[in-house]
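Peer 1: Work out the full structure: start from the sequences and follow the hints.
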Amino acid sequence: MRATQSEVGPRIVTRPGAPVKRSRRRSAVGHVAMMTLATGLVATMALPAYAFAPADAEGNFAATDATELTKAGAQKVAVDETAATVSIAQDAFAATPQSEIDAADAADAQEAAEAARAAAATSMTTYAESFTGPSAADYLADSPYPSFSLPSVYDVALQYQGVPYVYGGATPAGFDCSGFVMYVYAQFGISLPHSSTGQGAAGTRIALADAQPGDLVIMDGHDGFYAGNGNILHAPYEGASVRVQPIWTGDYYIVRLGI
671 MRATQSEVGP RIVTRPGAPV KRSRRRSAVG HVAMMTLATG LVATMALPAY
721 AFAPADAEGN FAATDATELT KAGAQKVAVD ETAATVSIAQ DAFAATPQSE
771 IDAADAADAQ EAAEAARAAA ATSMTTYAES FTGPSAADYL ADSPYPSFSL
821 PSVYDVALQY QGVPYVYGGA TPAGFDCSGF VMYVYAQFGI SLPHSSTGQG
871 AAGTRIALAD AQPGDLVIMD GHDGFYAGNG NILHAPYEGA SVRVQPIWTG
921 DYYIVRLGI
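Everything in the sequence shown is counted per this note's numbering, starting at 671 for the first residue and increasing by one.
Take these hints with a grain of salt, some might be off.
To be verified - Ranges of calculated distance between the beta carbons of each label pair, as one might list FRET restraints: (1) D812 to I929: 23 to 29 Å; (2) P821 to G909: 47 to 53 Å; (3) A779 to I876: 40 to 46 Å.
What the hints contain is simulated information worked out from the structure, not anything from laboratory work.
Glycine is no exception: its CB is placed at the ideal position from the N, C-alpha and C atoms.
Peer 2: Here it is, written out as structure tokens:
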């Protein structure tokens, strides 16, 4: 049986193409709901970062220490009143200028050089005073070997092996390089200066292949007797004695005297 109109309420009849009319009350409720949702979203976005810190029973997702410090706000530090009265003093330190350091070093070097010269002079004087034999000048006045020959010169020079080196020495009490050569050649009546350069200029240069024992080996600031086979007989340096040893440099030349 079909229901009557009174049982189902009034029937709404619409015309084709006519807009459907909605309930104003339902529309108003919808607007209020939308406004409430929008307000909630805006409020949530405006919350500070530390406002939302969920946590569970195990403490996961709890607020960090940095969050707690941020929530705590500004901190206050108590400063002792005496801190404002502390005085600051400058260290009593002064740097020595480099010029003064250089001057002091130069003075020390000069003092050391003077001490070395004084020691050498004292040593030479001691050796000279201890020697009572003839000097080079005495031999020049009365030569014990009037007949000159290179083998004889070398034989005489060999007799002084072991004589200590003394700076400025020219007697068997102590020789330096040129003093040794001067003393030996004086015994053959040949006068030489007490200088390696002067002795090199006093003779004639010869080829190394022609060198014989007794010829002079001339170096820069040093000399001695050629000893054959690339060796030299000489007074080497302070602390050493007259000896034969290999020539240690190629920077030398040979000079022969008496020709």
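Peer 1: None of the hints should be skipped; say for each whether it holds.
Peer 2: Structure-based check of all given hints:
1. Taking 23 to 29 Å as the suggested C-beta distance range, the pair D812 and I929 conforms, at roughly 24 Å.
2. Taken as a hint, the range 47 to 53 Å is violated for the pair P821 and G909, whose Cβ atoms sit roughly 31 Å apart.
3. Separation of A779 from I876 is about 42 Å and conforms to the stated range, judged on CB atoms against 40 to 46 Å.
When each numbered hint is compared with the structure, a violation occurs for hint 2 only.
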